[in-house]
Amino acid sequence: MDRGRRAYTDIMTAPAPDDTSPATQHLLDFVFAEVWQRPGLTRRERRFVTLPCVAAADAEAPMRDHVYAALNSGDLSIDEMREAVLHFAVYAGWPKASRFNMVVDEQWDRIHRERGLPVPPPAPLLPLSTPSDPEARLSVGEQSFKDVNCLPFAPQRDNPFQGAGILNFVFGEMWLRPNLGMKERRLITVACVAFQDSPYPILSHVYAALKSRDISFEEMDELALQFAAHYGWPKGSHLNHVIGEQKERVRAEWAAEGAPVS
Amino acid sequence: MDRGRRAYTDIMTAPAPDDTSPATQHLLDFVFAEVWQRPGLTRRERRFVTLPCVAAADAEAPMRDHVYAALNSGDLSIDEMREAVLHFAVYAGWPKASRFNMVVDEQWDRIHRERGLPVPPPAPLLPLSTPSDPEARLSVGEQSFKDVNCLPFAPQRDNPFQGAGILNFVFGEMWLRPNLGMKERRLITVACVAFQDSPYPILSHVYAALKSRDISFEEMDELALQFAAHYGWPKGSHLNHVIGEQKERVRAEWAAEGAPVS
Amino acid sequence: MDRGRRAYTDIMTAPAPDDTSPATQHLLDFVFAEVWQRPGLTRRERRFVTLPCVAAADAEAPMRDHVYAALNSGDLSIDEMREAVLHFAVYAGWPKASRFNMVVDEQWDRIHRERGLPVPPPAPLLPLSTPSDPEARLSVGEQSFKDVNCLPFAPQRDNPFQGAGILNFVFGEMWLRPNLGMKERRLITVACVAFQDSPYPILSHVYAALKSRDISFEEMDELALQFAAHYGWPKGSHLNHVIGEQKERVRAEWAAEGAPVS
Numbered sequence: 001m002d003r004g005r006r007a008y009t010d011i012m013t014a015p016a017p018d019d020t021s022p023a024t025q026h027l028l029d030f031v032f033a034e035v036w037q038r039p040g041l042t043r044r045e046r047r048f049v050t051l052p053c054v055a056a057a058d059a060e061a062p063m064r065d066h067v068y069a070a071l072n073s074g075d076l077s078i079d080e081m082r083e084a085v086l087h088f089a090v091y092a093g094w095p096k097a098s099r100f101n102m103v104v105d106e107q108w109d110r111i112h113r114e115r116g117l118p119v120p121p122p123a124p125l126l127p128l129s130t131p132s133d134p135e136a137r138l139s140v141g142e143q144s145f146k147d148v149n150c151l152p153f154a155p156q157r158d159n160p161f162q163g164a165g166i167l168n169f170v171f172g173e174m175w176l177r178p179n180l181g182m183k184e185r186r187l188i189t190v191a192c193v194a195f196q197d198s199p200y201p202i203l204s205h206v207y208a209a210l211k212s213r214d215i216s217f218e219e220m221d222e223l224a225l226q227f228a229a230h231y232g233w234p235k236g237s238h239l240n241h242v243i244g245e246q247k248e249r250v251r252a253e254w255a256a257e258g259a260p261v262s
Numbered sequence: 001m002d003r004g005r006r007a008y009t010d011i012m013t014a015p016a017p018d019d020t021s022p023a024t025q026h027l028l029d030f031v032f033a034e035v036w037q038r039p040g041l042t043r044r045e046r047r048f049v050t051l052p053c054v055a056a057a058d059a060e061a062p063m064r065d066h067v068y069a070a071l072n073s074g075d076l077s078i079d080e081m082r083e084a085v086l087h088f089a090v091y092a093g094w095p096k097a098s099r100f101n102m103v104v105d106e107q108w109d110r111i112h113r114e115r116g117l118p119v120p121p122p123a124p125l126l127p128l129s130t131p132s133d134p135e136a137r138l139s140v141g142e143q144s145f146k147d148v149n150c151l152p153f154a155p156q157r158d159n160p161f162q163g164a165g166i167l168n169f170v171f172g173e174m175w176l177r178p179n180l181g182m183k184e185r186r187l188i189t190v191a192c193v194a195f196q197d198s199p200y201p202i203l204s205h206v207y208a209a210l211k212s213r214d215i216s217f218e219e220m221d222e223l224a225l226q227f228a229a230h231y232g233w234p235k236g237s238h239l240n241h242v243i244g245e246q247k248e249r250v251r252a253e254w255a256a257e258g259a260p261v262s
Numbered sequence: 001m002d003r004g005r006r007a008y009t010d011i012m013t014a015p016a017p018d019d020t021s022p023a024t025q026h027l028l029d030f031v032f033a034e035v036w037q038r039p040g041l042t043r044r045e046r047r048f049v050t051l052p053c054v055a056a057a058d059a060e061a062p063m064r065d066h067v068y069a070a071l072n073s074g075d076l077s078i079d080e081m082r083e084a085v086l087h088f089a090v091y092a093g094w095p096k097a098s099r100f101n102m103v104v105d106e107q108w109d110r111i112h113r114e115r116g117l118p119v120p121p122p123a124p125l126l127p128l129s130t131p132s133d134p135e136a137r138l139s140v141g142e143q144s145f146k147d148v149n150c151l152p153f154a155p156q157r158d159n160p161f162q163g164a165g166i167l168n169f170v171f172g173e174m175w176l177r178p179n180l181g182m183k184e185r186r187l188i189t190v191a192c193v194a195f196q197d198s199p200y201p202i203l204s205h206v207y208a209a210l211k212s213r214d215i216s217f218e219e220m221d222e223l224a225l226q227f228a229a230h231y232g233w234p235k236g237s238h239l240n241h242v243i244g245e246q247k248e249r250v251r252a253e254w255a256a257e258g259a260p261v262s
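Protein chains in written order, with my numbering: chain A, 1 to 262; chain B, 1 to 262; chain C, 1 to 262.
Certain hints may be false.
[Stated by the list, open to error] A few chain A residues that face chain B, going by a derived Cβ cut-off under 10 angstroms, partial list only: (1) D19; (2) T20; (3) D58; (4) V90; (5) Y91; (6) P95; (7) K96; (8) R177; (9) D197; (10) F217.
In short, the hints are calculated from the structure, not lab data. Values in this document were obtained by computation on a predicted structure and should not be read as measured data. Note that CB positions come from ideal geometry on N, CA and C, so glycine has one too.
The shape of chain A in the complex, shown without the other chains (with noise of 0.2 angstroms):
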C-alpha cells in the first residue's frame, strides 16, 4: 500500500487521496504500483500514452492530474504539451481537445504560480514549415500520407474526407509541424484509435507504427497494458488482439523483404 501511495507521489509530483474505496486503492496498487513502474516504455512515453485516455474520457480530476504531472515532472516542454493537443484534437475531435486545451493552459498557469514565476509567452504560430499553395499542399500530404501509414498509395483527392480533409490538412500539415517526433506522434495515435476503435484505423496506425519501426514490438506490448490500465479492459484487449496481428504481419514483410526481423 505504501508502495501505491508511493509510486502516485512520484508520478503525479503530488500527495496520493486519502481514499479507502476499493477503486482508489485498486488504482495505487496495480495502475501506479505496478503498471507505471514496468520497463519498456519510460515514463515520459507513458504520459504519451496516458493523456489522451484521460482527456478522451472527459473526466476533470484525472484529465488536470495528469498534465499538471506531465509539466511539473518536466517530462513533457509545454510546446511538445500543446502540440500533443493538436494531435489529440485531430484523432479524438475537437470538442474533447477544446477542453484539453483549456486544462492545459489552467496547470501551466497554476504551475507558474505555485513557483512565483510569470508565464512566459507561447510560441508564435507562424511561418507554417509546410506549403500554403493547395496543389503544393496536396502533393506534400500525398507523400506525407504515404510515409506514416508506410503504404504505396495516398487516397484519391476528390473526396471532401480524404482531399480536404486528410491530405490537405491531416497529412499535409499537422504531422509535419514540429515539437513532437514521430515516436511521440505514433503513441498518442495508437491510443486514439483504440479508444475509437473504428475497425480500420486501429489496424492501419498499429502496422504503421510497427512497420516504421518507431515503435518496437517490446514498446507496443507495453502500450497496449498502460493503455488498458487507463482505458478499460475491452479496448485493451482489441487493441492487444490487433497488435498480434499486425505483428505478424510485419513480421512477414520483413522476411519477404530481406529486412532484420526484430
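Assemble the complex: chain A is given as a structure, and chains B and C must be docked to it using the hints.
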C-alpha cells in the same frame, strides 16, 4: 406493431427486421413509429442528427443502414453526404470518420448496383473557395470563428490547437466549404458535441445555433429528443439541460438587444 | 404522463422533473413508465446495467441521480456500490471510474445528511481474499479466467497485457473479490463491453454470461433493452445482434453436451 414496421420501411427504405426481441420491438414502436414522425424537424433534418450518432457508435449495421437510407431516399445528395463526413471528422475524430467515409462509398456503390446505373465521378476538390496564404487563412478563420460562434472575439493564434487547428483549418476552411448550409452544419455539430459532451463546446455550440437563429427553440427541442433516442438518455438529458440554460441566456440577450424573442 | 412521473419518483426516490421538453416527456413515458417496469430483470438488476451507462456517459446529473437512487432506495448497499465502481474501472477505464467514485462518496454523504445520521466508516480493504505470491496469483488468475469466460484455456502470461494485466489483476484478484455476485458482475460487464463495443470482448462476455447460466436468455434480452434505452440504439442494436448469435452458439453447445436447453 404494424405502425412501427411501416415507419421503419418508410424511413429506412428497406424491410423492417423480423426479430421479436424486446429491444427491436421497442426500436420500431418508439423510435421509428413515434420519434421520427414528430413535427419540428423534417425527416431530412433528423438524418443530420442520426448519422453522427450511428457513426460515433461504430455500430456497423446501423451505420450502413442509415447511410443507405439517407442516400437511397434522396433526402441527402452524395455531395452533401460526403461533406457531412468531413464535418463529422472534425467534431468526432478522423478514425471514426474514416469508417463512415468507407461506408458512404460502399452504400453509394450498392445503390447504383441495385439501380443498374454507373457510379458518377466525384466532384473535384480544387479549386478551394478559401484563401491559401497562411495570414489570409487565419484572418478568414478569425472572422468565421466569430460568425459561427456568435462571439465578438477569436482565440489567439499562437497556440497549435487554436492557431494551426481551429483558425487555420476548422473555421478558416472547413466551415466555409460548399455543399452544406449552416443549418445542416449546426445539426451535425450539436449532435457531435452532445456525444462528446466536453463541458464547454456543448454550451457554445447550442448557444450559437440558437443565437444565430439557424435553429429555432422548437427545432432544438426536437434535436434533443432525436439525439437521446439514438445516443441514449444520459447524454440526451445532459443536452436537454444545456438547451434549457442556453435558451434563457439567448432570450435575455435578445431582450437586452431589443431583438424579437422567438 | 402521470404514470411516467410516478414511475420516475418510485425508481429515482426523488420528484420527477417539471420540464415539458419532448426529450424529458419521452424519458418519463418511455424509459421510466415502460422499460423499467418490465418483467425479466428486477429493479435492482436494472440498476447494475444503468449505472455503467450513466457513468460511461460522463453525464453529471444522471450519474448523480442514479447513484443516489440506487443507494437511497436500499437496492444496493454501499459496499456493493463501491465494488461496482472497481468493476466498472476495469471495464471502462480509471478516468471515468474516478469520477464515478467521487459521485458515490458525495451521494452517500448527502443521504446521511438528509437522514441526520453520521457516515459509517468504510469496510477495510485488507486482508485480501486472493493470494499475494505472484506465481500463486497467476495460477488463481488462470483458473478464474477459464471459469469466468467458460473457456478451456487461459492466455499466455508472457505478454504485459495478458500476464501483468488480465491474469494477475483482472482475473487473479478483481473478479474474485467479495461484495458482488457473479450475476451482478455479469450485468456490469456486459453493459461495459456493449458501450466499448470492441469486437471480441462483446462476443466473449455475452457468450460466457449465457453459457454459465448466470444470466438466462430472457434476462439477456431485457439487459439489451435496458442498455439500449440508456446508451442508445446503435450500440443497443449491435448488442442485440450479438446476443442473437451467441444464443445460437450456446444452444448448439448445450445440445452437443446433452445439457438442458433453457
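Cross-check of the supplied hints:
1. Taking 10 angstroms as the C-beta contact cut-off toward chain B, the hint placing D19/A at the interface is violated, the least distance being around 24 angstroms.
2. A least Cβ separation of about 28 angstroms between T20/A and chain B goes past the 10 angstroms threshold, and the interface hint is therefore violated.
3. Interface hint at D58/A: satisfied, since its Cβ lies 6 angstroms from the closest Cβ of chain B, which is below the 10 angstroms cut-off.
4. Hint status for V90/A: holds, given a least beta-carbon distance of 6 angstroms to chain B, under 10 angstroms.
5. Because the smallest distance between the Cβ of Y91/A and any Cβ of chain B comes to about 5 angstroms, under 10 angstroms, the interface hint for this residue holds.
6. For P95/A, the shortest C-beta to C-beta distance to chain B is roughly 4 angstroms, which falls under 10 angstroms, so the interface hint holds.
7. Look at K96/A: its Cβ gets to within about 5 angstroms of chain B, closer than 10 angstroms, so that hint holds up.
8. For the restraint placing R177/A at the interface with chain B, the shortest Cβ-Cβ distance is roughly 7 angstroms, inside the 10 angstroms limit, so the hint holds.
9. At about 6 angstroms, the closest approach between the beta carbon of D197/A and any beta carbon in chain B falls short of 10 angstroms, and the interface hint on this residue holds.
10. Annotation: interface hint on F217/A violated; nearest CB of chain B at approximately 23 angstroms, more than 10 angstroms.
The structure fails hints 1, 2 and 10 (numbered hints given earlier, in ascending order).
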